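Undergrad: Chain B: place on chain A using the hints.
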Amino acid sequence: MSTLEIRGLRASVVGKEILQGIDLTVSSGEVHAVMGPNGAGKSTLSAVVMGKPGYQVLGGSVTLDGRDMLALPTWERAVAGLHLVMQYPSEVPGVSLIDAMSEAFAARGRDTSGLADLLGAEADRIGFERRFLERSLNVDLSGGEKKRNETLQMAVLGPKIAILDELDSGLDIDALRDCARRVEDMSNEGLGVLVITHYSRLLTELKPDHVHILVKGRIVASGGPELADQLDTDGYAAFAAPEDLVADAPTPARPVERPGSLNDLFAI
Amino acid sequence: MSVLSPVSMPTTDEEIWRYSRIEELDLSRYETAASVTTVLDAEGLQVEFVAVPEGFSLPDVFAELNAEHMSATVIKVPAHKVVQAPVIVTHQVDLGGVATFPRLIIEAGENSEVTVIERFVTSDDLSPEALVVPVVQVVASQSARVRYLAINQLGDKVWQIGHQQGLGLKDSDLQMATVALGGDYARMRTDVRVAGPGASAKQVALYFAGDDQMHDFRTIQDHDAPYTHSDLLFKGAVQGHARSVYTGLIKIREHARGTAAFQTNRNLTLSEGSWAESVPNLEIETNDVKCSHASTVGPIDEDQRFYLESRGIDPSVAERLVVLGFFDEVLAQLPAGDLVDDLRARVAAKLGAGVR
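Quick note, the sequences are listed as chains A and B, same order.
Oh and the first sequence: position 116 is 135 in our numbering, straight run, nothing missing.
Oh and the second sequence: position 188 is 176 in our numbering, straight run, nothing missing.
Bound-form chain A, shown alone (with noise of 0.2 Å):
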């Protein structure tokens, strides 16, 4: 049984204060959605608690187990039990799937002598094709596929908790359901899942059993299944000012490429 306890958090982006107390109680087996309107703070929490850089932590906690998240770096979240599944999963060129998941099994601790059969079962069961396993990671992969891979990677990592920031944005209804019934699968046996989203078409998937409203940074609503239909009928006005509906939340500013070099592709 594990839980991971999320405390009054407070966090910032680029100065400007996005979550102003969160908290949320997720432990195994269970199926806590958060959903929330552009701009409410849901992916900033899902980056928040997994440490992207960028994001300033103003107060509050994250306990896995109890132990203290916020303390760790990243790599090691994700070595305690904390798995993210990306809105957008990054391109890494270069890096296939194979190559990833070793290192991860790496450190560990666990044997990466049946992780090839592992990926390729696992590729099977959520229709992703085995032959991405071993092409650069999400490179050239379509929305549905690049979700696949990552609820793929998620199934093989076998996390005590996983939050799935948007896992329904950018992919068909298929792809969705593979996904969801992987989560479902998994939530069967054990993991606690946190689905951040904008919309409730995941959910009718993915059967939460808490539903959280998000906005402007606090948790207004919690319930059940129930949170969610009345949100399908009445929308995020029925739980939120209008003036808190509106600014999209900013994210952290890229590293700025040195001056000096042309650094954009340009055709003549």
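Treat the hints with care, as some may be off.
Stated by the list, open to error - Stretches of chain A that chain B covers, calculated by requiring three or more beta carbons in the stretch to come under 8 Å of a beta carbon on chain B:
#1 74 to 83
#2 96 to 105
As the list claims (entries may be wrong) - Now the stretches of chain B that chain A is said to cover, found in silico as 3 or more residues with beta-carbon under 8 Å:
#3 286 to 293
#4 307 to 313
Said to hold, decoys possible - Negatives, chain B to chain A, calculated, CB over 12 Å:
#5 11
#6 14
#7 16
#8 71
#9 76
#10 80
#11 133
#12 301
#13 303
#14 316
#15 319
#16 320
#17 333
I should point out that these hints are in silico values taken from the structure, not numbers from a laboratory.
Remember, predicted model here, so these are calculated numbers, not experimental data.
For each residue, glycine too, the CB sits at the ideal point set by N, CA and C.
TA: Frame of chain A, contents of chain B only:
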């Protein structure tokens, strides 16, 4: 052996020497010597030196010094002959205080095919203060397919100032590749002239400098005939206090209509103290061309690193994966045969050694 006579040295005021360390070079510290050169797998090929082939100029004083002092190796491939195994030419640079002037001439006859790998090597346990001034001249005759790869595994006190000159005639297919890992200051000017219709040239390089090393590349893609094609991919990384320079020129002459030329240079700066410069240039004298260049200098992509770390991969391992992945695109294109694994391992080892 004789002490090198003083010559009029270039200065960094000249564009093609800009950013270089040429002003640190003191020729009087070196005595001339014959290059210690071995050739493997050249069976059946004509190797005696007759004359320098036509079609090449001496672009600077170092090419002139090479002409004066050269130790020549010639590989002549008869017309229509396909040479299966790569010919491997190795220059052993183990002696300090000397300057050597290897000249390699590759003349591939009409419709012939050959791969030549030229290695510049210092024994692992030695660190000589030597100067190497190599020149390679490659002629791909009509319809010939020529692959050339230079590998720099020189010691960390060796200076190299070299020239690669390629000439592609009608319908030929020429590749000029370089892997640079060694040297203190290692410069290579690599010029390819596609001089017959239908000629195609590819230039690729992998360079990786650490500590206080500097790698310096100047490239020219010279389109001197219509319907010619050239493609260049240079990828480099610098760590520690290392530096690198890439300047590349695509030159398309007035009569070279229907030409396509591409140039890509990407650089990773892996430490705060490292420095890389990339300067692409175009000189186009006709319309009817397809041409592009791309150039980047910067650290490892933060999103790529975070993605791997979020899977539970230690940052130093993630960095190694990303850098090796970055170089894989070049390694996959090298005509290095069995040597590719060794080169990849050397890059990985150098990365490991650079983590502080």
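Undergrad: Any hints this thing doesn't respect? Which numbers, in order?
TA: When the structure is compared with the hints, numbers 1, 12, 13, 14, 15 and 16 turn out to be violated.
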